[in-house]
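Number of protein chains: 2
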Amino acid sequence: MRHFDMEMTELKKKLVDMASLVQQMITISIDVVVKRDKELSKEVFAIEREVNLDEIVVDDTCLKLIALNQPVGSDLRFITSAMRINSDLERMGDEAVNICETGLELLEYPELKPLIDIPKMVILVTEMVKESIESFNLSDIELAQKVLEKDDAVDEIKRTIFKDLMEYMICTSDRTTIVRAMDLMFTAKRLERLGDHATNICEDVIFMVNGKDIRHNNRPN
Amino acid sequence: MRHFDMEMTELKKKLVDMASLVQQMITISIDVVVKRDKELSKEVFAIEREVNLDEIVVDDTCLKLIALNQPVGSDLRFITSAMRINSDLERMGDEAVNICETGLELLEYPELKPLIDIPKMVILVTEMVKESIESFNLSDIELAQKVLEKDDAVDEIKRTIFKDLMEYMICTSDRTTIVRAMDLMFTAKRLERLGDHATNICEDVIFMVNGKDIRHNNRPN
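These protein sequences, in sequence, are chains D and S. Heads up: the first sequence begins at 255 in the numbering used here, then just goes up one per residue. Heads up: the second sequence begins at 255 in the numbering used here, then just goes up one per residue.
Don't read these hints as lab results, they were simulated from the structure. Among the hints, erroneous ones may be present.
For identical chains, the list gives no copy identity; a pair is met inside one copy or between any two copies.
Below are the SDA-like pairs computed for lysine to any residue, each with C-alpha atoms no more than 20 Å apart in a straight line [said to hold, decoys possible]:
no., residue 1, residue 2
1, K318, D467
2, K289, E385
3, K374, N464
4, K417, E355
5, K400, P325
6, K318, R469
7, K292, C425
8, K417, D428
9, K267, K374
10, K412, Y363
11, K318, A407
12, K267, K400
13, K466, N306
14, K466, D314
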């Protein structure tokens with residue numbers, strides 16, 4: 255294996271590892287909300303520091319790979335996609351931190367019994383995140399397409415959650431109910447953004463593999 | 255001037271033009287909220303299509319510049335920063351569209367009299383956006399630093415807006431007041447994100463000019 259190819263394999267591995275850290279952050283931060291476990295949040299903040307460092311290292315690696323090897327075609331597409339995916343992963347970590355912080359705020363109040371469809375949304379979004387990384391790791395554009403198709407379902411669930419929570423807010427004069435409903439809305443919004451980042455990654459995978467930019471409804475259907 | 259330098263100047267001009275479109279989108283979308291003018295929204299959607307196309311063209315230009323010229327050092331940093339700024343600009347356009355859509359929703363209800371500190375936040379954020387582009391155009395890292403320093407003030411105003419709107423929601427049993435207050439909260443949240451994108455651009459400018467990655471509190475103070 256050429257030295258360059260080894261470095262490219264190394265870069266891919268680094269991103270997959272980073273993605274696994276981000277997935278952990280998402281899982282734990284949702285547990286902070288659902289299981290109401292304050293202790294867990296420390297882990298999220300610790301992993302965030304690691305992910306932030308990874309982001310800088312990956313970008314630096316990509317720049318050096320370009321400068322020293324002057325890649326073209328699919329190699330160059332791989333490296334620039336890696337830079338973009340790197341940025342999406344870091345922002346996914348930020349969303350997880352936000353979810354975690356909202357979870358901590360919710361701990362100050364008694365539990366708002368039903369979490370509405372949030373657990374359903376969590377399942378769908380974490381699946382999208384997992385599969386988007388998998389599609390990158392395996393250069394599997396069919397899987398990437400499958401993830402893109404799930405985006406509408408996420409929007410739909412979010413709309414339902416918003417409608418239900420709005421009813422809660424309207425039917426109460428209790429201050430804490432309003433605060434808690436708001437926090438759950440923001441959580442749903444962040445889950446939606448996690449799904450958006452997963453679709454960004456899938457669009458990058460498709461571009462990386464076949465050189466076709468499918469953003470902004472250039473999607474093949 | 256070498257052909258490569260001409261193309262680099264062209265790329266910079268393209269991004270500055272794209273940024274000016276995005277600034278227009280932001281200004282108009284805020285007018286939809288503040289002046290309650292439905293007609294204006296059409297313009298936002300029209301400019302969005304242009305910005306989306308620009309994003310694809312800029313990325314393509316950047317890839318070709320790398321592949322055909324094998325730049326290193328500051329040239330390479332300029333091109334990869336351009337790709338990142340490109341992505342931030344497109345996402346800023348998305349936020350403007352979201353603000354515009356919220357504005358359209360608000361038109362369905364009578365005006366919630368005071369817009370709280372939202373106009374103040376608008377002034378600060380549009381200033382950050384304008385200066386971030388200017389710092390890119392002039393490679394002015396001092397200006398970039400100045401923008402970064404404004405981020406805390408934005409967070410502070412957002413917190414005040416949230417607190418004030420929350421009071422509205424708690425003191426009312428009127429459905430539409432809750433809906434309108436929520437919409438204004440989401441607008442404030444989006445303004446905050448516009449400020450975040452402006453800081454991303456400034457971090458890129460600093461990296462582009464002096465090669466120092468200042469993300470994640472690597473900021474010199």
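Here is what the structure says about each hint:
no. : hint           : verdict
1   : K318 with D467 : between (25 Å within a copy, 14 Å between copies)
2   : K289 with E385 : neither (25 Å within a copy, 44 Å between copies)
3   : K374 with N464 : neither (33 Å within a copy, 47 Å between copies)
4   : K417 with E355 : between (23 Å within a copy, 17 Å between copies)
5   : K400 with P325 : neither (30 Å within a copy, 37 Å between copies)
6   : K318 with R469 : between (27 Å within a copy, 18 Å between copies)
7   : K292 with C425 : neither (30 Å within a copy, 31 Å between copies)
8   : K417 with D428 : both (18 Å within a copy, 16 Å between copies)
9   : K267 with K374 : neither (30 Å within a copy, 46 Å between copies)
10  : K412 with Y363 : neither (23 Å within a copy, 23 Å between copies)
11  : K318 with A407 : neither (40 Å within a copy, 37 Å between copies)
12  : K267 with K400 : neither (23 Å within a copy, 38 Å between copies)
13  : K466 with N306 : between (30 Å within a copy, 15 Å between copies)
14  : K466 with D314 : between (26 Å within a copy, 10 Å between copies)
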